[in-house]
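Keeping their order, the protein sequence lines are chains A and B.
Going by the numbering used here, the first residue of the first sequence is number 1, and it counts up by one from there.
Going by the numbering used here, the first residue of the second sequence is number 1, and it counts up by one from there.
For the record, the hints were derived by calculation from the structure and aren't laboratory data.
Cβ coordinates follow ideal geometry from the N, Cα and C atoms, glycine included.
Some hints here could point you the wrong way.
[Stated by the list, open to error] Straight-line alpha carbon distances no greater than 35 angstroms define the calculated DSBU-like cross-link-like pairs of lysine-lysine that follow: (1) B:Lys74 <-> A:Lys33; (2) A:Lys205 <-> B:Lys74; (3) B:Lys71 <-> A:Lys237; (4) B:Lys14 <-> A:Lys205; (5) B:Lys3 <-> A:Lys237; (6) B:Lys3 <-> A:Lys205; (7) B:Lys71 <-> A:Lys26; (8) A:Lys26 <-> B:Lys74; (9) B:Lys14 <-> A:Lys33; (10) A:Lys26 <-> B:Lys14; (11) B:Lys39 <-> A:Lys237; (12) B:Lys3 <-> A:Lys26; (13) A:Lys208 <-> B:Lys71; (14) B:Lys71 <-> A:Lys178; (15) B:Lys14 <-> A:Lys105; (16) A:Lys208 <-> B:Lys14; (17) B:Lys39 <-> A:Lys208; (18) A:Lys212 <-> B:Lys71; (19) B:Lys74 <-> A:Lys19; (20) B:Lys39 <-> A:Lys33; (21) A:Lys105 <-> B:Lys39; (22) A:Lys212 <-> B:Lys14; (23) A:Lys19 <-> B:Lys39; (24) A:Lys250 <-> B:Lys3; (25) A:Lys212 <-> B:Lys3; (26) A:Lys19 <-> B:Lys14; (27) A:Lys19 <-> B:Lys3; (28) B:Lys74 <-> A:Lys250.
[Said to hold, decoys possible] Taking CB as the label site, the calculated pair distances span: (29) B:Lys39 <-> A:Ser171: 32 to 38 angstroms; (30) A:Gln60 <-> B:Gln48: 35 to 41 angstroms; (31) B:Lys39 <-> A:Arg204: 40 to 46 angstroms; (32) B:Ile72 <-> A:Gly258: 30 to 36 angstroms; (33) A:Glu157 <-> B:Gln38: 38 to 44 angstroms; (34) B:Lys74 <-> A:Gly265: 44 to 50 angstroms; (35) A:Leu182 <-> B:Lys74: 53 to 59 angstroms; (36) A:Met146 <-> B:Lys39: 40 to 46 angstroms; (37) A:Gln60 <-> B:Pro26: 43 to 49 angstroms; (38) B:Gln48 <-> A:Met101: 41 to 47 angstroms; (39) A:Leu102 <-> B:Lys74: 50 to 56 angstroms.
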Amino acid sequence: MSTIPNFIEIPVNPEIAQKEFEVYSKPSTLTDKPFHYCPGCGHSTVHKLLMEVVEEMGIQGDIVGVAPVGCSVFAYDYLDIDMQQAAHGRALAVATGIRRMLPDKLVFTYQGDGDLAAIGTAETLHAANRGENILTIFINNAVYGMTSGQMAPTTLEKMVTTTSPFGRDVSTQGYPLKISELLAMLPGVTYVTRQSVHTTANVRKTKKALRKAIELQQEGKGFCLVEVVSNCPSNWKMTPLQSQQFIQEKMIPFYPLGDIKTPEGK
Amino acid sequence: MAKSLGDVIIDIEKCKGCELCIDSCPQETLALAPRINQKGYHYAVKVQDNCTGCLNCALVCPEAIISVYRKIVK
Numbered sequence: 001m002s003t004i005p006n007f008i009e010i011p012v013n014p015e016i017a018q019k020e021f022e023v024y025s026k027p028s029t030l031t032d033k034p035f036h037y038c039p040g041c042g043h044s045t046v047h048k049l050l051m052e053v054v055e056e057m058g059i060q061g062d063i064v065g066v067a068p069v070g071c072s073v074f075a076y077d078y079l080d081i082d083m084q085q086a087a088h089g090r091a092l093a094v095a096t097g098i099r100r101m102l103p104d105k106l107v108f109t110y111q112g113d114g115d116l117a118a119i120g121t122a123e124t125l126h127a128a129n130r131g132e133n134i135l136t137i138f139i140n141n142a143v144y145g146m147t148s149g150q151m152a153p154t155t156l157e158k159m160v161t162t163t164s165p166f167g168r169d170v171s172t173q174g175y176p177l178k179i180s181e182l183l184a185m186l187p188g189v190t191y192v193t194r195q196s197v198h199t200t201a202n203v204r205k206t207k208k209a210l211r212k213a214i215e216l217q218q219e220g221k222g223f224c225l226v227e228v229v230s231n232c233p234s235n236w237k238m239t240p241l242q243s244q245q246f247i248q249e250k251m252i253p254f255y256p257l258g259d260i261k262t263p264e265g266k
Numbered sequence: 001m002a003k004s005l006g007d008v009i010i011d012i013e014k015c016k017g018c019e020l021c022i023d024s025c026p027q028e029t030l031a032l033a034p035r036i037n038q039k040g041y042h043y044a045v046k047v048q049d050n051c052t053g054c055l056n057c058a059l060v061c062p063e064a065i066i067s068v069y070r071k072i073v074k
């Protein structure tokens, strides 16, 4: 821990800390409730970025979200927009219904890897194949976070989890699932990108990707997927800083960042 | 030459002490306090008066509790 012994706290400078000089503050589209996520969790960063984009675009009343089952099950407590909560893995099925009943609203689902890539694979693939006008935000942290770190389909090879104590053995447990590459092959899918939130530069890129995806939704261009490679310090048994290093050294070589499919064609 | 003076206001009661802002700060302005807040976490505070308002801490802060101010002095 980086506490220093001769610790002097500098008070806020009233000449600088004035409303006219403010360059960043918490987006008004987030509620005042403190996040329940563990310290350093990527979920809260993505919530924050999504709500910044919603605030900047002024679409607070036009967007409907679907919360999954997983750590982010209480997303509706923090996002100050219309939300619905779906059964485990069925967020895209619920979102399809919402989108078809309310065709003038923007619909997004917010799902983790246990929800989207394991139990909800069928819903995900078929919603993408139908080319529904839905934005899916997929948080990939390679474990089941809420239930204390069991192996997920996205768990890396040889990665130790509570249900793979000797590391994931691909001969019996299969290979990590690259959902983004899988969905990018489907013709109904418009935009697929993989980002992360472990450094400042990547946070900015993720925000740009979210904005682009919402703009494509406004144009009605079809299914969009924004995958965010995230951390799970509690279940990886690491400090937040170590978990960010793990993302850089282990996750990103297997899940390379960048656009996988764009409407401009790539 | 224009100089950028910055300042941060951190909502210490909501801080969870994840140290991401401290790691991201290029000026080493922030540090973890030896005291704890009501939830029992060591919280981040400003310990040097050299903030430039670069936004790095606010962008990586998962809790969105850092407000950044920037004044350009010519």
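Exercise. Does the Cβ-Cβ separation between Lys39 of chain B and Ser171 of chain A fall within 32 to 38 angstroms?
Worked result: violated (45 angstroms)
Problem set entry | Gln48 of chain B versus Met101 of chain A beta-carbon gap, inside 41 to 47 angstroms or not | violated (55 angstroms)
For this session: Could you tell me whether the CB distance from Ile72 of chain B to Gly258 of chain A stays inside 30 to 36 angstroms?
Result: Distance hint for Ile72 of chain B, Gly258 of chain A holds at roughly 34 angstroms.
Problem set entry | Given hint Lys39 of chain B paired with Lys19 of chain A - CA-CA distance at most 35 angstroms | holds (29 angstroms)
Problem set entry | Pair hint outcome, Lys212 of chain A versus Lys14 of chain B [Cα-Cα no greater than 35 angstroms] | With Cα atoms ~31 angstroms apart, Lys212 of chain A and Lys14 of chain B stay inside 35 angstroms; holds.
For this session: Assess, step by step, whether the Cα of Lys105 of chain A is no farther than 35 angstroms from the Cα of Lys39 of chain B, and give holds or violated.
Result: violated (39 angstroms)
Problem set entry | Restraint check for Lys39 of chain B with Lys33 of chain A, where alpha carbons must lie at most 35 angstroms apart | Distance ~14 angstroms between Lys39 of chain B and Lys33 of chain A Cα, so the pair holds.
Exercise. Leu182 of chain A and Lys74 of chain B, beta-carbon distance inside 53 to 59 angstroms?
Worked result: holds (54 angstroms)
Problem set entry | Satisfaction of the hinted span 38 to 44 angstroms by the C-beta atoms belonging to Glu157 of chain A and Gln38 of chain B | holds (42 angstroms)
Exercise. Given the hint that Lys14 of chain B pairs with Lys33 of chain A, does the C-alpha gap stay at or below 35 angstroms?
Worked result: holds (10 angstroms)
Exercise. Okay, Leu102 of chain A versus Lys74 of chain B on CB: inside 50 to 56 angstroms?
Worked result: holds (51 angstroms)
Exercise. Between Lys26 of chain A and Lys74 of chain B, is the straight-line Cα distance small enough, at 35 angstroms or below?
Worked result: Cα-Cα ~28 angstroms, so holds.
Checked against the numbered hints given earlier, the structure breaks hints 1, 3, 5, 14, 21, 24, 28, 29, 31, 36, 37, 38 and satisfies all the rest.
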